[in-house]
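K.L.:
Protein sequences, first through last, are from chains W, Y and C.
Residues 1 to 351 in UniProt numbering are what the first sequence spells out, letter by letter.
Residues 1 to 318 in UniProt numbering are what the second sequence spells out, letter by letter.
Residues 1 to 653 in UniProt numbering are what the third sequence spells out, letter by letter.
Possibly wrong hints are sitting among the right ones.
[As the list claims (entries may be wrong)] Pairs of lysine-lysine, DSS-like flavour, derived with a Cα cap of 30 Å:
1) 249(C) / 111(W)
2) 29(W) / 50(W)
3) 119(C) / 151(W)
4) 103(Y) / 204(Y)
5) 24(Y) / 120(Y)
6) 109(Y) / 68(Y)
7) 249(C) / 135(W)
8) 120(Y) / 259(Y)
9) 135(W) / 562(C)
10) 249(C) / 151(W)
11) 204(Y) / 134(Y)
12) 335(C) / 135(W)
13) 249(C) / 120(W)
[Unchecked claim] Here chain W is said to cover these stretches of chain C; the calculated rule only asks that three of the stretch's residues, wherever they fall, bring their Cβ under 8 Å from a Cβ of chain W:
14) 223-232
15) 250-264
16) 435-443
Because the hints were derived from the structure by calculation, they are not lab data.
Where a beta carbon is used, it is the ideal one built from N, C-alpha and C, also for glycine.
Listed below are the residues making up each chain.
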Amino acid sequence: MTAQLEYPDIQDSDALLSVQGLWKVFGPKAQRVPHRPELAGLDRADLYAKTGCTAAVRDLSFDVAPGEVFVVMGLSGSGKSTLVRCLTRLIEPTAGRLVFEGEDLRAADEKRLRALRRSKFSMVFQHFGLLPHRKVIDNVSYGLEIRGESKPDRRRRAQEVIDLVGLAGNEHLYPEQLSGGMQQRVGLARALANDPDVLLFDEPFSALDPLIRREMQTEVVRLHREVGKTMVFITHDLSEALKLGDRILLMRDGAAVQLGTGDELVGAPADDYVREFVRDVQRADVLTLRWIARRPRDGEPLDGPELGPDVLVREATRLVLEADRPVKVVSNGTLLGVIGDEEILAVVADN
Amino acid sequence: MKKLRYAGVLTAVALAVAGCGGEKVGSQPQPSAGKECGTFNLTVSPWVGYEANAAVVAYVATKDLGCKVVKKNLKEEIAWQGFATGEVDVNLENWGHEDLKKKYIETDKVAVEAGSTGVKGVIGWYVPPWMAAKYPDITDYKNLNKYAALFKTSESGGKGQLLDGDPSYVTNDEALVKNLALNYKVVQSGSETALIQAFRDAEKNKRPLLAYFYEPQWFFNEIKLVKVNLPAYKAGCDAVPAKIACDYPPYDLDKIVSKKFADSGSPAYDLVKNFQWTNEDQNAVARMIAVDKLTPDQAAEKWVKSNESKVNTWLGRS
Amino acid sequence: MAAITSDLEVEVRRPRRSVVVGVLLVVWVAAYFVLRGIDTLVLGGQETTSLHRWLTEHRDDVGQGNAFFDAIRIVVDHFVVLLQNLISQPSFDRPVPVIGWLGVVAIAAYCAWAFGNWKVAVLTAAGLGFVGLQGLWQESMDTLALTVAAVLLSLLVAIPLGIWAGLSNRAFRVATLALDLMQTLPTFVYLAPLTLFFAIGPAAATIATLIYAAPPAVRLTAHAIRSVPPESVEAARSLGSTRGQTLLKVLLPMSRSTVVVGINQTIMAALSMVTVAALIDAPGLGQTVLKALQTLDVGVAFNAGLAIVVIAIVLDRVTTAAGDRPWRTASVRRKVLLGAGAVAVLVAVWFSRTYVWAAEFPSDVNVGSRIAVVASDVTAWVQDVFGGFTYGVRDAVTIGLLNPLEGLLTGSPWWLVSAVVVALAFLLGGWRGAVPAAVCLGLLVATGVWQDSMVTLASTLLATVVVVAVGLALGVWAGRNHRVDIWIRPVLDAGQTMPPFVYLVPFLALFGTSRFTAIAAAVVFAVPVTTKIVADGIKAVPVVTVEAANSVGSSTWQVISKVQLPVARRAITLAVNQGLIYVLSMVVCGGLVGAGALGYDVVAGFAQSELYGKGLAAGLAIVLLGVMLDRITQAAARRTQNFQGVQGRGDKR
């Protein structure tokens, strides 16, 4: 991956996209809210009552690493869609810093911003945002057209991505002639066409049927494997977040509640809200042995089978239950803990 | 769809066949449009009496002088503006309008008077003939209060109704009602059409009606309305609008032409200047247009044929 | 528990408001009996205020001999004359127009086919053939030329303005205000001043029509731009489109069908101006109508009016079909057929230039005179049969409803009426209703025609109530029953485009000269638009919603009253609103049949130079009444929707 060549050191500063103290406030004189502590501290209802403003994003900070799939999750109204639009300044943030490849995005002028949007970012929308008066191929090549590429070039490139997302044969249909899933493939192809560094997804599959949704999720996983783009993925669907996300940011009322990997969220919820949120998850599919291993009790036999800490509970179930003694969780030769039948059953029977 | 296409093809063929046998455009001789007379614009005010004037003048100008006459249907006010812009050259029947004369003739100097039309204009209050027959004394204004109850309508608020007409005409009716102490209310009908319809209905269904009206008017050919006598007009009795308590003055209807037209030396100007006829003449032509449904040209032709001598005077032939 | 208490609050609050309104009205009536006749601001027919006289004196200050206006006039004039030369008037030293009737029919039908479908092409050919058979070919072509010129010029102005108003919120607000003014200001008011700027004739008529016809195109273009799905715009922006690219490649193409609706409305408005514009020498069918009315020849007037209706229906159906055309490009077969059609059109044009029979519409079959005779006979029959009965209806309504209402409005002191109206506006619509009402009332007093305004207001309110009642009944019927809809549409179209002058005469015969006649005419004019909007609103209620209501065993009446009407509330609000504006735009016509008041003032101002200022003031008063009623109804509608001021994202494009 080229991004990694540019950033040889594995440090915090080598994030591809860095968000620091980001605010988006809607309403009259929105500017004052982030800068005045007595306002910034108010909750949603009080803020609205006092100022007539609503803070859709409040004081968010996070980094997205190159090649990462970064998921932002929250219920509707939590500000996640506003957040993703702030990242490319489709919505102008009220306060905070946005750094992309070391460049301050908030300082970029209209022209620079356009250039970035044309080559570095692409976005996929919930309701597709297709242009009904253009054929599939013309929708896909729209981004190339506006940056002035010649017709043969953009046709060729459009055809490539159309093939990539599995739309071949539909080039000359109009969006309204396609099913929802196929329309979203057009949206995906359009986003891929100008070969961006970062793909932004705004709840791309929530308008689709469950079967199609799963198919499209698999498609994204495949694409990520094949083209290795950095992705910021917005969703309200926890299972989708867990399936796709390297890391997940859980938002509530515009603020971050917890940032971590999927098993961190499920295994160590930061508060009751997160706990409630992840309650219905098939924990066995998410949690690894690391989360349920306990210290061996005195006198417990320690000659049972060994497993790594990153093995999913589901995968370990059979072995643990069949073994007549506790299973050891071992990492690099160090004993992290042991797991017996009751630990496994506590997770598996939880559902 | 298929049938339609066949139908289309068939029509095209039929047209082609029929067409090739037809008369060609331009094969008939073209009328020579006035060489020595030129073109003039004639306003036509919205009443049939005026249309009669216009019909006859236009007919004579076209036939005898070879002019091209462009008729324009305009309200009076608007027609006056036309003198300034060159849109109007001739107005054949002007009812007073001292204010406009002052503006366009004296101040702006874009129009000039061209003498009397010969037609006498009368404005007054009229009742349908059946009322005059049934209540003979109603034609004296002094008796109007006696009959006020008859004229009550939904619009008159308990008093008798005096129906006024087209707002183009200056009316003194409000002042008259007040100064003659009549128990009447002036109700605006708003248009000549409404007035005529009201009289027609009143005569047909024997409904009482007292309304503002005027002569000459083609409608007198249909129903002979009876005028109510107001205190006789004396010169100066209408000097102060709010104190008027006398009848309307008799109007000598006159012709107005644009300065440009008057100076052009066109024979049409002489025709317009010499044009003069009587109420009877005008009513005869108006009747042909309004009642017999002749076109203005046909009506004019008919009248001109039987009034050669008058036409000759206009043309300066003796 | 919380839900229950909040429900209770709502239950309690609603009746309370209507009780307050009731109390207010009772207090008003009581105060009226005490204060009757004080401060009623009466102004007699020929009386004027200093404002009126000032306006009269300064009418000539602008316009005359202005090179700017002259240039506009000359350009427009040439354009109209060019169109007339093409299709209606003998031109270029030939005794016939450039294109004869056969060519015009062929071109029109071909365009209808190319932009719409073959059905409207057939309709176009039939419609144009029909007006030819009516014996009105040349007049119709004059009207068509003028309409086309006015519509094209309107669009030239309106579409850029509409785009601007679509993109900028501020421009949108300003435009809405200006358009309200343009649409309610009676044509008569600016007809006379226009002649000062642009003289008389086709150019002035075209410009008058343009002023009247442009607003719908501006409005609907703005609306179209604003209702493009924000995601499509965001998608375009996220790919780095410039503003220009977003506009040209996304907003405009996606607004197409709504903009076409705007064009359609503009055409309809232009056609309804035809007769009025004839007063300043616009050529065409309007002249025929006006002339026929001088001799009360209803038949001939109706024949010409019918031609206008036919042209309107043709243009309406063609533009609607053009707006409904899907995005898909033409199939190869259609392309071939279109090519062949083009050749056929050229042949037809050639014929129409070469042969007399194809150039001048044959006059052997004249349906027109027969239509005229039938129309006259029918009118006479209706008059004879209903004549006695209709006067009774008129008197009952006038004495029972109109006179008390008018008495209350005109007899109360102006400050009492103002206070009551502002209070009502506040109760119904909050500050959004009360502030505009107060401003409008203040300006109404300033116009000096307060009492006439109150007379007109009384008639307007009554007419609007009738219009809404009839419109709702017909609209619900048509909205629920497709067949009714199909049959009722042409009738509604006719009601909307038939020049009011045509049916004023029969109405005069039926009801005499009275305010009632004016109300009846306004109802005829305003019911079609109200009905159409209600019907569309009812049709737009989701099928699922109606099915859900039926599934719990609702009766038809329950479905209508509890489901369809509430769900279609937005449409109904719009219908009331438009009904009101249409009623007001007929006030001037009402002045021609005995309604007096503002309508008469305007007509008188047009006809008598010394009353010019008063006419202008009266015209403004009509606008003020319109704006006031419009703002109050809109504020009231907004209030009942329980609109919460929470703003979402995407406030800026």
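K.L.:
A separate judgement is required for each hint: does it hold in the structure or not?
P.N.:
These are the hints, each one checked on the structure:
1. Distance restraint check for residue 249(C) and residue 111(W): the Cα-Cα separation of roughly 19 Å lies within the 30 Å cut-off, and the hinted pair is therefore satisfied.
2. The straight-line distance between the Cα atoms of residue 29(W) and residue 50(W) is roughly 12 Å, inside the 30 Å bound, and the hint therefore holds.
3. Between the alpha carbons of residue 119(C) and residue 151(W) the distance comes to roughly 38 Å, so the proposed pair goes past 30 Å and is violated.
4. For the hint linking residue 103(Y) to residue 204(Y), the alpha-carbon distance of about 44 Å lies beyond 30 Å, and the restraint is violated.
5. For the proposed pair residue 24(Y) and residue 120(Y), the alpha carbon gap of about 51 Å is over 30 Å, so the pair is violated.
6. The suggested pairing of residue 109(Y) with residue 68(Y) holds, with an alpha-carbon distance near 25 Å, which does not exceed 30 Å.
7. As the CA atoms of residue 249(C) and residue 135(W) are separated by approximately 13 Å, the hinted pair is consistent with the 30 Å bound.
8. Of the supplied pair hints, the one linking residue 120(Y) and residue 259(Y) holds, its CA atoms being roughly 25 Å apart against a limit of 30 Å.
9. This hinted pair does not check out: residue 135(W) and residue 562(C) have alpha carbons roughly 43 Å apart, beyond 30 Å.
10. At most 30 Å may separate the alpha-carbon atoms for a hinted pair to count; residue 249(C) and residue 151(W) meet this at roughly 16 Å.
11. Between residue 204(Y) and residue 134(Y), the direct Cα distance comes to roughly 15 Å. Compliance with the 30 Å bound is thereby established for this hinted pair.
12. For the suggested pair residue 335(C) and residue 135(W), the alpha carbons sit about 19 Å apart, so the restraint of at most 30 Å is met.
13. Proposed proximity of residue 249(C) and residue 120(W) is supported: the alpha carbons are some 22 Å apart, at most 30 Å.
14. With a threshold of 8 Å between beta carbons, the proposed coverage of the segment 223-232 of chain C by chain W holds, since 3 of its residues qualify and at least three are required.
15. Coverage of a stretch by a chain is defined here by at least three residues with a beta carbon nearer than 8 Å to that chain's beta carbons; for the segment 250-264 of chain C and chain W the count is 4, and the condition holds.
16. Counting residues of the segment 435-443 of chain C whose beta-carbon sits less than 8 Å from any beta-carbon of chain W gives 0, not enough to reach three: the coverage restraint is violated.
Hint violations for this structure: numbers 3, 4, 5, 9, 16, all remaining hints satisfied.
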